[in-house]
Amino acid sequence: MARTDTPWTEAPVKHEIINLAEKETYHQRGPWIDAWRRLRRNRAAIIGLVIIVLNILVAFFASSIAPHSFRTQELYDAQTGLAMNNTSPEWVTRIFTTMKAIKRDRWTFEGTAGDTLNIDVGSPNLDKGMPTVGAARTGFTTNVHVLAPNGENLAAKQGTTLDFGSHIQGLVLPATGTYTLIVQRHTPGERGEYALSITR
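Straight run, no breaks: the sequence shown in my numbering ends on number 961.
Don't read these hints as lab results, they were simulated from the structure. Where hints are given, some of them may not hold.
Said to hold, decoys possible - Taking CB as the label site, the calculated pair distances span:
1) Ala805 to Trp852: 38 to 44 Å
2) Glu954 to Gly875: 30 to 36 Å
3) Arg801 to Ser824: 30 to 36 Å
4) Thr939 to Ile826: 42 to 48 Å
5) Ala796 to Ala820: 21 to 27 Å
6) Glu954 to Ile808: 55 to 61 Å
7) Leu815 to Gln919: 38 to 44 Å
The beta carbon of each residue, even a glycine, is placed where N, CA and C say it ideally should be.
Construct the entire structure; sequences and hints are all you get.
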């Protein structure tokens, strides 16, 4: 019986020594290693970590990946096709400078149904004695929009880089009333002066 009792008394002692060694190794790993082990076992935590990392990367690199710059973003009215002006309070535009109002000039004139008009903005022909509204010289590219009395966008023309002008020729007015002529810059950030001519 003595031979059979010996292994039974030594086994628990040996097992306890192994456990002590494992505890010592566990404490030597440090809290960060233990936290990483627990994190790897938690799939939901891993998914959350990946989402957080992706959000951080998007925040840093979204502006360079986007095909258009947020500084030139403009929203357009469905009826007129014109870029909508910003209606934010002044204190908001001071903090967020990219939300500044769009620079445009609005002119009005009376028209009769059937009249044919030629409209020139920044045209070299303005130096040849054509009547003008507004004044000054060409200096930047402009876009012109003609709105009918009911607000419909009757005609539109983008400027060219040859003479920096916009020209609408042979426009027949569909109704009698007050028409609106809108002149705005073609390229965001451009500044300058222009001349406007309306001939019948």
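Hint by hint, here is what the structure shows:
| no. | hint | in the structure |
| --- | --- | --- |
| 1 | Ala805 to Trp852: 38 to 44 Å | 43 Å, holds |
| 2 | Glu954 to Gly875: 30 to 36 Å | 33 Å, holds |
| 3 | Arg801 to Ser824: 30 to 36 Å | 34 Å, holds |
| 4 | Thr939 to Ile826: 42 to 48 Å | 46 Å, holds |
| 5 | Ala796 to Ala820: 21 to 27 Å | 25 Å, holds |
| 6 | Glu954 to Ile808: 55 to 61 Å | 58 Å, holds |
| 7 | Leu815 to Gln919: 38 to 44 Å | 40 Å, holds |
In this structure, every one of the numbered hints holds.
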